[in-house]
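Trainee: Each chain is listed here by its residues.
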Amino acid sequence: MKKYLYFPGCSLKGSGKAYEESFLAVCKALGMDIRELEDWNCCGATAYMSVEETKSYALAGRNLAIAEREDLDVIAPCSACYLVLNKTQKALKENTEIRRKVVNALKAGGLDYKGTVKVRHPLDVLINDVGLEKISKLIKNPVKGLKLAPYYGCQIVRPYATFDDQHDPVTMDKLMKAAGAECVTWPLKTRCCGGSLTGTVPEVGLRLAYIILKEAKKRGAGAIVTLCPLCQFNLDGYQGKIASKYESVDMPVLYFTQVLGLAMGLPGSELGIKRGIISAEAVLAGGGLR
Amino acid sequence: MTENKSKKETLPRVGFYICHCGSNIASMIDVLEVQKYAAALPGVAVSREYKYMCSDPGQEMIAKDIKEHKLERLVVAACSPNLHEETFRKAAAKGGLNPFFFQMVNIREHAAWVHEDKKSATEKAKDLARAAIARVRFHKSLDKKRVAVDPNVLVVGGGIAGIHAALTLANAGKKVTLVEREATIGGHMAAFDKTFPTLDCAACILTPKMSAVKSHPNITLWTYSEVSKVEGYVGNYKVTVTRKPRFVKEDLCVGCMECIDACVFKEPKFKDKFNQGLGKRKPVYIDFPQATPKVVLVDPETCIQLKTGKCKQPCAAACDRKAFDFNQKAETKELQVGAIVLSTGFKTYDVARSPQYGYGRYPGVYTALEVERLVNASGPTSGEVVLRDGTHPKAVGIIHCVGSRDAKTNKWCSRVCCMYSLKLAHLIKEHSGAEVYNFYIDMRAPGKAYEEFYDKLLGEGVHFIRGRVDEVTDWAMTPEEEGKLVLRVEDTLAGFVRRIPVDMVVLSTGLEPQPDAQEVRRRFNIGCGSEGFFQERHPKLAPVNTFTDGIYIAGACQAPRDIPDTVAQAGAAAAEALSLIDAGFVELEPNTSHIVEEECSGCKTCVPLCPYSAITFDEAKKKATINEVLCKGCGVCAAACPSGSIRQNLFEDDEIFSEIEGVLAK
Amino acid sequence: MPDKPKVAFYWCASCGGCEEAVVDLAEDILKVVAAVDIVLWPVAMDFKKEDVEARPDKSIVAGFINGAIRTSEQEEWVRLLRKKCQVIVSFGACANSGGIPALANQFQKESILKYVYDDCPSIDNPGKIRPQTECVDEGRTLTLPELRNVVRSLDQVIDVDYYLPGCPPTPKIIMNAVLALLSGKLPPKGTVLSPEIALCEECKRKDSKPADLALTEFKRPHQVLIDPEKCLLAQGLVCMGPATRGGCEALCPGGNMPCTGCFGPTTRVKDQGAKFVSSVFSNIAPKEEAEIDAVLDGIPDPIGTFYRYGLSKSMLRRKLN
Amino acid sequence: MSEQFEPKIVAFFCNWCTYTAADLAGVSRLKYAPNARVIRVMCSGRVDPQFVLDAFAKGADGVLLGGCHPGDCHYAEGNYKTLRRMRMLTRMLKDMGIYDGRFRLEWISGAEGDKVKSVINDMTKKVRALGPLDLPGKFKNWDKEIEELEAQVNKGDKDKEAVHAG
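Protein chains in written order, with our numbering: chain A, 1 to 290; chain B, 1001 to 1666; chain C, 2001 to 2321; chain D, 3001 to 3166.
With the rest of the complex left out, here is chain A (with noise of 0.2 Å):
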């Protein structure tokens, strides 16, 4: 089978714990050969390109240089460094000038970066390497009665659609229906969450991200299955907030790893279910599990 490099980044080690746990915990459970990519650093981000380009490609190409070593293909189950990794892969590819600069700074730490590496995300892998087949036999509890409202967010399908349709993405539909959940159709898979706007301007982040719950809501979702921490903490984190502001939602978002995992009968605890901030003790009974 296959190795993978992790780059779990920022958030799966702090907010998004829970989807370091259940991307881990199922991965594990596939047989998947995945390690952790030793001494990697911050990708930087979206923030930073829009700073200081070079700097910030620099930082990310770091991590890649890093990775080119073991010649894996590296798993990031950000978005956000899903896209800037891509992104960073992408100029240091097509622009000459900002190679030079970057292998350069690399060069000084002991590293270099020839443009092998492929960042690649878990939805991609799951689908194209492992296969539904595969991951079907393994569904020993199927998630029946859970019905489920799949929103990829912005940064996976733009402004690279490499493996999934940009404007209606399908990937995790697939795997929470193998999983034996129900999906809402909706037209919001990847409308904007409000992204870092519910921190600096909480009027208008708070009104997208109750755009997203309410709209799930309407279209019968027990809950928000996800794959973006930052997504999943805006929908999960704010809905007090959005609950003073317009009203209360009460709708569990979940990472589309948890609900792959409970699935494929992992305990809850080892997929950090209890994690989020609304409860999804309730659907997930309803779903009949645990």
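Don't take each hint at face value.
[As the list claims (entries may be wrong)] Derived DSS-like pairs (lysine-lysine); straight-line CA-CA distance at most 27 Å:
hint, chain 1, residue 1, chain 2, residue 2
1, A, K17, A, K241
2, B, K1118, D, K3117
3, D, K3126, D, K3031
4, B, K1408, D, K3115
5, B, K1621, C, K2049
6, A, K134, A, K177
7, A, K87, A, K134
8, B, K1036, D, K3058
9, A, K174, A, K140
10, B, K1333, B, K1175
11, D, K3058, D, K3155
12, B, K1622, C, K2204
13, B, K1666, D, K3126
14, D, K3126, B, K1411
15, B, K1408, A, K90
16, B, K1540, A, K93
17, A, K107, A, K93
18, C, K2048, C, K2031
19, B, K1540, D, K3115
20, B, K1175, B, K1249
21, B, K1214, B, K1229
22, B, K1119, D, K3117
23, C, K2189, D, K3140
24, D, K3094, C, K2114
25, D, K3125, B, K1119
26, B, K1051, D, K3115
27, D, K3117, C, K2319
28, C, K2109, D, K3125
None of these hints come from the bench; they were simulated from the model.
Once you have looked at the hints, place chains B, C and D on chain A.
Mentor: Structure of chains B, C and D alone, referenced to chain A:
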């Protein structure tokens, strides 16, 4: 050894003429300098410049000089030989010189128009002139071969273009075979309800022409058939046609359709292609009531008998003319024709390539062709505008330029969408009373009475919003939007983003080349433009001709085109074919190859090289020979003959070697 | 009795095979000897340069010169003979087009000398001494001819009247040439004294050649057991016959060896190698570049194969650098 | 103004695709380098390797051969014959010291006027970088080594004539 001996011999007298082409050439090339330069070259007896060499006085001048100055060779530096070679050959002939003692120099397309530095362009012109003058010395006196033209014509594609071309030719007394891939002729037009801008019913004006084709004594109609092979040359094409099995004997079926009622499937069950899948049909079916020929056919994919061989065959039983034949096989037929008209039509843009418009995701989203059937009295809903969910739309949004004028999909304007969108807007409003919104980039209504039609719709209260729709979504932001499809668009006239809630969205898809356009053009040995439509010989002066003589193109296979233009073009193509046929013969370029028998060692190298089997090996003489009528003059054999025993007229080794030396010698 | 017409034989850069060819006339040579006075024939008789110089210009009816020209001495000799002879016959492939010696045109003079005097395994030359064109020994100046950088055909140095092709020319065409000279029935200047039709015409294997070769690989004679009847090209062997002037009566194919092109091309062809390539490769089977290259790999030394006897007269004459 | 080397390029274009494309480039008023001299043939298959060698021998710095795309030949398969011959010719040119870039085979369809422009511009640029080939000049230089002796011999003749005259 004997190299360049000919140079020492006395040179033939060359006349050199350079054309200003108004300022086309003169503005970038110092015509006088080239004329003076040529005058000083060995063998040049006369050197002149003139404003328009191709004009009558220009040609007269040449003819006169040939006589007065006893010119033995002619060189004209002007435009591309593809344009005026023939003109100046005639001028030479007028002066009593064999037309092939002539060489043309292309200093317009290949120099004046493509360079920016007058000095270097002029130098280039000199080099090319010098080369032609060096080469023309070796030219020989040649005659064009005349071959008879077969008066029969093949028309490929039975849309309105093919129908019109076939009828025009047949009315002129020519025997025409019309080959159509589908089970009926009529093409896209047969699927339309009304036609813009006159709103006369498509069926009413088309079906008479369709039946005229069927009943015309001079037309053989082969539907459900495809051309599989084309051999031969202008005036003498041999065409192989494959006729797919209908499993119903065409000559016996009268189209009573009782077999359809009798079919074991009591209800129509399968997507019906003609109705864009909006309607259903049985395994035994006929596309539409006026289908021509009015002959049913059986679909092997869905017919139980053909799939399993286990069916009571009530259809066959119901046919008192015993027309059914489940063992029918595809048959191949051969035709001899002199000319071919290609009118293979177009394909509409695949909306799956524009997922933001939600086709397939939202049942309320339709393609324009689907709506054509929806508003059509003989369509699946008998003309009633009913949505897939059975409801009637109160508001309809029509999105223009889907798959047109778009860097992401197709760059070109599809030319008909604005007008048919207006037509559909009118029809939908008329049939359903719904509010109709048109979302357009620019309104293009350049045809006769088109702009007036646009005015008329403005008067009818159809809404027009200028802007490219960003997305179609069912996400409601306001109560009014609940349960609706919302079109998000920047209104570029009002200058803000609007959300328009509707019940039905119509995607005005653009026109594309047929998916198999490339194979087809290879089969007929013609070209395609970069966007994939068939390439005309000249965009302005030979719009229905191709680079292969005797093969003409008409309609949307050449470029997006509406019905009036298509019919006009079909007429033009038919006229071109007629002028070829009625001449009775074609003159073939004499640029054929021949083998000098006493030089041939009989090594057979050339024999397999000829794609037209023009070269054969004479077992008695043990030498190869070339049939100059079959030879199309590519010269591959001449280049390959290892003992230099094959000559290609107009491209002999001496001619090319001297041209090489000519362009390089300073 | 009037003295017999005088003829001269001379050899330049050649293997001696052409001399052999003259001897191969067998008893016919007696006729020749009887008919003419040989005034120069280094391989067989002892004449000195002074003897020739002493003769009045144009006093020799014909000079037969074989071998390519690659030293200053050869140039002196052929120029001298040009003066003394009425007719110069370029004798054999080397004189006509450089022959085997002209393959040296693929290398620079220096690299050749370096190999021969320094690097060649069988050389013992610790002082790395190279021959000098001039050296003084005990007050006497000794000279050696200069080795030229370009190997030339005879007609690239002096004006030539007739050409006898072949490596070597066959007794038959030699005899015809001699008789023509003696009888004075001479063809136009510059004529190659051999048929203008390619070799296939006279090859016994001709009928066994299929029209469509569609070759998928080329083999070399040592790699296959050669069918003695079948066309050699059809067996995947490079046979230059189709691009080579006839006249030898297909000796090599007769001896179960492919034609290597020693008679040179017909007059209608300027570059034998290029023309042969044009003919044979038009018709190999593959259409994809990679597959085509695979077939071409069967010919490791194209220049040596297609210009074995004619590099001096090829359009490019020698390797550039 | 600095005199930069302007390469001479001989271009053999097939009538149906590449020559037509060059016409199209003209009609579209595309601008490209004036270094190429087009020789029209009906099919790239007419181009005998001898033509390419002769062009170089007569002073071309580069030779361009343009035909229809594989599968699109107006004469069905002429361009495949071209491809096969020219693959071998390219090897021979290399062995004779004429390296890649000086000889180029391009497939340009009748619709690709812009490709005529880009190919000729690109080739002009690359051949300019390679510098002059100038075989005619090289031939002259090569023959310098035999001129001295030739001169002597001729001089020898002159002297004699002088003597006779005296």
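Trainee: Work down the list of hints and note, for each, if the structure agrees.
Mentor: Now for the hints, and whether the structure bears them out:
Only pairs whose Cα atoms come within 27 Å are accepted, and K17 of chain A paired with K241 of chain A is accepted, the gap being roughly 23 Å. As the CA atoms of K1118 of chain B and K3117 of chain D are separated by approximately 18 Å, the hinted pair is consistent with the 27 Å bound. For the hint linking K3126 of chain D to K3031 of chain D, the alpha-carbon distance of about 18 Å falls within 27 Å, and the restraint holds. Taken as a hint, the K1408 of chain B and K3115 of chain D pair is honoured in the structure, with Cα atoms around 22 Å apart against an allowance of 27 Å.
Of the pairs offered as hints, the one joining K1621 of chain B and K2049 of chain C is violated, with about 53 Å between alpha carbons and a cut-off of 27 Å exceeded. Note on K134 of chain A and K177 of chain A: the hinted pairing holds, with a Cα-Cα distance of about 14 Å set against a maximum of 27 Å. For a cut-off of 27 Å, the pair hint linking K87 of chain A to K134 of chain A is broken: about 31 Å separates their Cα positions. For a cut-off of 27 Å, the pair hint linking K1036 of chain B to K3058 of chain D stands: about 25 Å separates their Cα positions.
Proposed proximity of K174 of chain A and K140 of chain A is supported: the alpha carbons are some 17 Å apart, at most 27 Å. For the proposed pair K1333 of chain B and K1175 of chain B, the alpha carbon gap of about 16 Å is at most 27 Å, so the pair holds. Restraint check: the Cα-Cα separation between K3058 of chain D and K3155 of chain D comes to about 31 Å, which exceeds 27 Å; the hinted pair is violated. Proximity of K1622 of chain B to K2204 of chain C is assessed by CA-CA distance (about 13 Å); at most 27 Å being required, the pair is judged to hold.
With a C-alpha separation of about 23 Å, the suggested pairing of K1666 of chain B with K3126 of chain D holds against the 27 Å cut-off. For the hint linking K3126 of chain D to K1411 of chain B, the alpha-carbon distance of about 33 Å lies beyond 27 Å, and the restraint is violated. Of the pairs offered as hints, the one joining K1408 of chain B and K90 of chain A holds, with about 20 Å between alpha carbons and a cut-off of 27 Å not exceeded. As the CA atoms of K1540 of chain B and K93 of chain A are separated by approximately 45 Å, the hinted pair breaks the 27 Å bound.
Of the pairs offered as hints, the one joining K107 of chain A and K93 of chain A holds, with about 17 Å between alpha carbons and a cut-off of 27 Å not exceeded. Restraint check for K2048 of chain C and K2031 of chain C: satisfied, since their Cα atoms lie roughly 25 Å apart, inside the 27 Å limit. Between K1540 of chain B and K3115 of chain D the alpha-carbon distance is near 22 Å, which keeps this suggested pair within the 27 Å criterion. For the hint pairing K1175 of chain B with K1249 of chain B, the CA-to-CA distance comes to about 24 Å; that is within 27 Å, so the pair holds.
Between the alpha carbons of K1214 of chain B and K1229 of chain B the distance comes to roughly 25 Å, so the proposed pair stays at or under 27 Å and holds. For the suggested pair K1119 of chain B and K3117 of chain D, the alpha carbons sit about 19 Å apart, so the restraint of at most 27 Å is met. Of the pairs offered as hints, the one joining K2189 of chain C and K3140 of chain D holds, with about 26 Å between alpha carbons and a cut-off of 27 Å not exceeded. For the given pair, K3094 of chain D sits about 23 Å from K2114 of chain C by alpha-carbon distance, which is consistent with the 27 Å threshold.
Simply put, K3125 of chain D and K1119 of chain B have alpha-carbon atoms about 19 Å apart, close enough for the 27 Å limit, and the pair holds. Between the alpha carbons of K1051 of chain B and K3115 of chain D the distance comes to roughly 32 Å, so the proposed pair goes past 27 Å and is violated. Between K3117 of chain D and K2319 of chain C, the direct Cα distance comes to roughly 32 Å. Violation of the 27 Å bound is thereby established for this hinted pair. Between K2109 of chain C and K3125 of chain D, the direct Cα distance comes to roughly 33 Å. Violation of the 27 Å bound is thereby established for this hinted pair.
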